[in-house]
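Novice: Now for the letters of each chain:
2 protein chains.
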Amino acid sequence: MLSAVRLSISLPLALAFGASGAVAQSVNHAADVSRILASPAFKAAAAQLDREHGRIVDEGIKLTEIPAPPFKEEARAREFQKMLQAAGLPDAKIDEEGNVLALRKGTHGDGKVVVVSAHLDTVFPAATDVKVKHQGSKLYAPGVGDDTMSLSVLLAFVRAMQSANIKTRDDILFVATVGEEGPGDLRGVRHLFTKGQYKNKIKSFFSIESGGVDSITNGGVGSKRYRVTFNGPGGHSFGAFGLVNPMFALGQAASEFSRIQVAASPKTTYSIGVIGGGTSVNSIPLSGWMEVDMRSESMPDLKRVEDRMLKIMQEAAEGENFARSTKEGKITAEAKLIGDRPAGTTDVKTDLAQFAKAAVEAGGYKVSYRWSSTDSNLPMSLGIPALTIGRSAPDRSGRSHSLDEWIDVEKEPMVKAVTTSLSIVLAATGME
Amino acid sequence: MLSAVRLSISLPLALAFGASGAVAQSVNHAADVSRILASPAFKAAAAQLDREHGRIVDEGIKLTEIPAPPFKEEARAREFQKMLQAAGLPDAKIDEEGNVLALRKGTHGDGKVVVVSAHLDTVFPAATDVKVKHQGSKLYAPGVGDDTMSLSVLLAFVRAMQSANIKTRDDILFVATVGEEGPGDLRGVRHLFTKGQYKNKIKSFFSIESGGVDSITNGGVGSKRYRVTFNGPGGHSFGAFGLVNPMFALGQAASEFSRIQVAASPKTTYSIGVIGGGTSVNSIPLSGWMEVDMRSESMPDLKRVEDRMLKIMQEAAEGENFARSTKEGKITAEAKLIGDRPAGTTDVKTDLAQFAKAAVEAGGYKVSYRWSSTDSNLPMSLGIPALTIGRSAPDRSGRSHSLDEWIDVEKEPMVKAVTTSLSIVLAATGME
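If you're matching them up, the sequences are chains A and B in order.
Numbering-wise (the numbering used here), the first sequence opens with residue 3 and increments by one.
Numbering-wise (the numbering used here), the second sequence opens with residue 3 and increments by one.
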């Protein structure tokens with residue numbers, strides 16, 4: 003009864019904070035986290051994470067070395083499904099989109115689930131060497147941190163909860179998503195929330211990523227991605243010299259794009275990630291293209307950069323058509339939207355964020371809030387509380403999305419971070 | 003004797019014209035061509051070319067539809083070898099480099115040969131659709147003109163000479179070369195002149211190309227080709243925003259390169275033919291590259307553009323290192339020479355050029371001299387008389403090196419041009 007009264011009092015406040023989930027003034031989050039950390043079951047789970055450090059690392063390496071380029075996560079998904087089944091969730095399955103899902107029932111499930119997820123895919127193309135290299139306690143490999151070691155941590159969570167017989171109020175849906183990175187355009191998590199069997203049944207969402215556990219991502223950076231193609235008539239590089247060349251328009255566009263000025267806050271960024279076109283050195287090519295990525299913490303700022311980019315592309319085509327002959331045809335610029343991630347936020351006053359903050363602080367870390375572009379963007383944009391949380395000690399990973407990506411797996415700081423990460427999940431799902 | 007005297011008189015003149023072959027004032031080229039054209043044997047050969055028009059076209063289509071990308075001419079070479087054997091030169095073989103060679107002995111061979119060649123390769127990559135499309139008397143296909151139909155014309159030459167029992171003074175070496183186009187960098191003809199069994203045994207050289215028979219290429223345009231790569235540290239497009247991006251340097255370089263001013267004469271050209279780099283839209287890439295082609299009728303002008311291009315590349319890297327952070331590493335620019343074609347000329351006063359001019363004029367065409375970059379560059383640069391000649395009527399081909407390349411095979415103008423082309427070869431090789 004009491005709690006019902008409190009809920010009715012807090013309702014106007016919740017509405018005041020909009021769609022980011024119920025704001026609960028009623029719960030003492032820090033006290034609840036303390037209770038959990040002091041419980042024999044949690045201590046048993048923590049002890050198991052400590053004993054299993056080597057296994058977490060080994061399984062992370064094993065999964066890292068199964069390539070999982072965008073749209074080609076299947077081999078890794080199948081292996082992860084098996085590992086999740088072996089970890090204690092025999093019903094783990096792969097959904098229509100390729101996500102791996104496994105439900106762990108709670109004691110007082112309300113028909114809704116809390117998702118605890120990591121992503122299967124990496125940014126790296128199929129041919130990338132994904133062999134893990136060791137250097138002291140550092141592991142180097144494309145994708146080892148972002149986000150493969152988190153998959154291994156999910157497995158460790160499940161094993162620890164099973165062996166310590168941990169009970170949570172809420173049903174937990176463990177998920178390994180496909181398509182978190184660039185070209186995937188959140189296809190896995192989008193399917194989960196808008197098409198799959200748990201559509202409308204997810205009440206909150208965690209994505210576990212490579213970063214430090216002290217850093218809580220409660221802002222989803224919006225992004226727009228385009229493939230811009232300049233087409234022209236082509237021709238012989240000597241015989242047809244003087245005709246418009248799409249590469250010159252492309253170069254001019256890239257150069258002008260590089261001169262856009264953006265504010266440091268709200269953080270807004272832009273990049274050219276991939277470029278291509280042409281078939282032989284001695285031909286004026288038929289086309290040249292580039293893939294551009296624009297992101298912002300602010301939707302208006304994102305729109306501003308997007309509009310400018312689109313204008314630059316048109317001007318570059320026009321400039322080339324003015325500079326050289328169009329007698330065989332003009333340069334045209336075509337911009338195709340290939341990625342469109344909604345922005346969103348999870349209010350720091352939501353239960354979800356408050357539990358996360360309390361657990362991180364109980365672990366002895368100083369919380370910082372961040373904006374990023376992760377699977378959490380999708381639920382955030384739908385008004386469903388979502389956080390992307392870390393599972394490593396601060397500053398123990400780096401060079402994400404580059405071939406020299408690394409993480410440090412030194413035992414003590416890693417186990418402490420993983421344990422803290424688990425405590426966030428257990429606090430938010432109502433460990434008994 | 004008379005001719006010996008005349009030769010001794012003309013010697014100082016020959017020396018005055020340098021290494022472009024003996025200048026013969028002694029021969030009445032036009033009269034010799036008239037004699038050939040009036041001969042029953044030539045008339046029989048011409049009649050056969052007329053009868054075989056359909057076959058020439060069909061064999062050209064057949065060869066066009068066997069892809070022959072740079073470095074992958076083998077399938078087409080094998081087929082052409084068989085066809086050449088069937089045409090009457092059973093000893094046709096493929097040399098170490100991949101060229102198809104077949105010798106037709108002359109009556110007074112001096113141990114040296116006159117090469118009559120066309121090239122096997124096209125500029126188009128392996129996946130290109132090379133199916134020939136018909137539109138009236140026009141054939142559309144990548145490579146159909148440049149230079150595949152010339153291979154078919156070589157076969158027709160051989161059949162016509164065999165069936166009309168034509169005798170030439172000189173040995174003729176029919177050759178289908180590999181590597182004429184861009185990346186091949188003249189590897190076929192280079193092998194022929196510098197390594198193969200006919201090294202030092204070639205006294206003059208014809209390359210038969212797509213253009214009008216009225217146009218004689220006696221100038222070999224020099225070219226320099228580079229693959230320029232910008233390397234940088236890479237990183238996450240949002241997290242590492244602010245780091246140097248190789249694509250921005252590439253864009254700036256391409257844009258600045260496009261602004262180079264060149265004289266119309268001596269003709270000097272530049273182009274970006276292929277561009278690439280990066281692996282995912284949401285990563286700052288490790289590298290971006292472009293392949294540039296620079297050509298000139300003048301070696302000093304070529305050097306001037308080359309020097310400027312190399313400077314632009316360095317400046318673009320420096321500019322990017324100044325514009326953004328280098329804390330994870332700098333942008334570097336690396337320029338690799340991937341093509342280096344010597345320039346050269348064949349003096350219009352050489353016997354070779356005089357016979358060609360007389361035969362073209364006897365065909366009723368008005369001669370024009372041209373510069374181009376063809377297999378003839380190599381012998382020209384060695385001081386061996388060489389010409390690239392056409393085999394179609396004027397303005398009956400176009401859009402070379404583009405996907406909508408075409409030739410017009412209308413019977414009467416085509417047969418007339420092919421016959422004239424044959425008369426050039428027969429005049430130069432001393433038809434009896």
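Honestly, the hints are just simulated from the structure, not real lab data.
Since we're looking at a predicted model, the values are computed, not measured.
Honestly, I wouldn't trust all of these hints.
Identical chains share a label here; the pair holds if one copy fits it or two copies do between them.
[Unchecked claim] Heads up, simulated EDC-like pairs for lysine to aspartate or glutamate below, C-alpha to C-alpha not over 20 Å straight-line:
(1) K133 - D112
(2) K329 - D397
(3) K313 - D303
(4) K84 - D60
(5) K332 - D406
(6) K329 - D406
(7) K140 - E414
(8) K203 - D34
(9) K135 - D52
(10) K140 - E330
(11) K203 - E81
(12) K269 - E99
(13) K313 - E330
(14) K305 - E317
Novice: Now tell me, hint by hint, if it's right for this structure.
Specialist: Going down the list of hints, with the structure as the test:
Proximity of K133 and D112 under a CA criterion of 20 Å is satisfied in neither setting, with 44 Å inside one chain copy and 63 Å between copies. With identical chains, the CA atoms of K329 and D397 are at most 20 Å apart between copies only, with a shortest distance of 17 Å across copies and 58 Å within one. For a Cα distance limit of 20 Å, the shortest separation of K313 from D303 inside one copy, 15 Å, qualifies, whereas the shortest one across copies, 37 Å, does not. Taking the shortest alpha-carbon separations for K84 and D60, only the intra-copy value of 16 Å comes in at or below 20 Å, while the best inter-copy value is 59 Å.
For the identical chains of this complex, K332 and D406 are inter-copy neighbours only, at 15 Å across copies versus 42 Å inside a copy, given an alpha-carbon limit of 20 Å. Taking the shortest alpha-carbon separations for K329 and D406, only the inter-copy value of 15 Å comes in at or below 20 Å, while the best intra-copy value is 48 Å. Only within a single protomer do K140 and E414 lie at most 20 Å apart by alpha-carbon distance; the minimum there is 14 Å, versus 76 Å between protomers. Proximity of K203 to D34 under the C-alpha cut-off of 20 Å is found in neither arrangement, the shortest distances being 25 Å within a copy and 94 Å between copies.
Taking the shortest alpha-carbon separations for K135 and D52, neither the intra-copy value of 23 Å nor the inter-copy value of 70 Å comes in at or below 20 Å. For a Cα distance limit of 20 Å, the shortest separation of K140 from E330 across copies, 18 Å, qualifies, whereas the shortest one inside one copy, 57 Å, does not. In this homomeric assembly, K203 and E81 never come within 20 Å of each other (Cα to Cα): the closest approach is 27 Å inside a single copy and 65 Å across copies. Proximity of K269 to E99 under the C-alpha cut-off of 20 Å is found in neither arrangement, the shortest distances being 32 Å within a copy and 57 Å between copies.
Taking the shortest Cα distances, K313 and E330 never come within 20 Å of each other, neither inside one copy (24 Å) nor across copies (31 Å). For the identical chains of this complex, K305 and E317 are intra-copy neighbours only, at 18 Å inside a copy versus 32 Å across copies, given an alpha-carbon limit of 20 Å.
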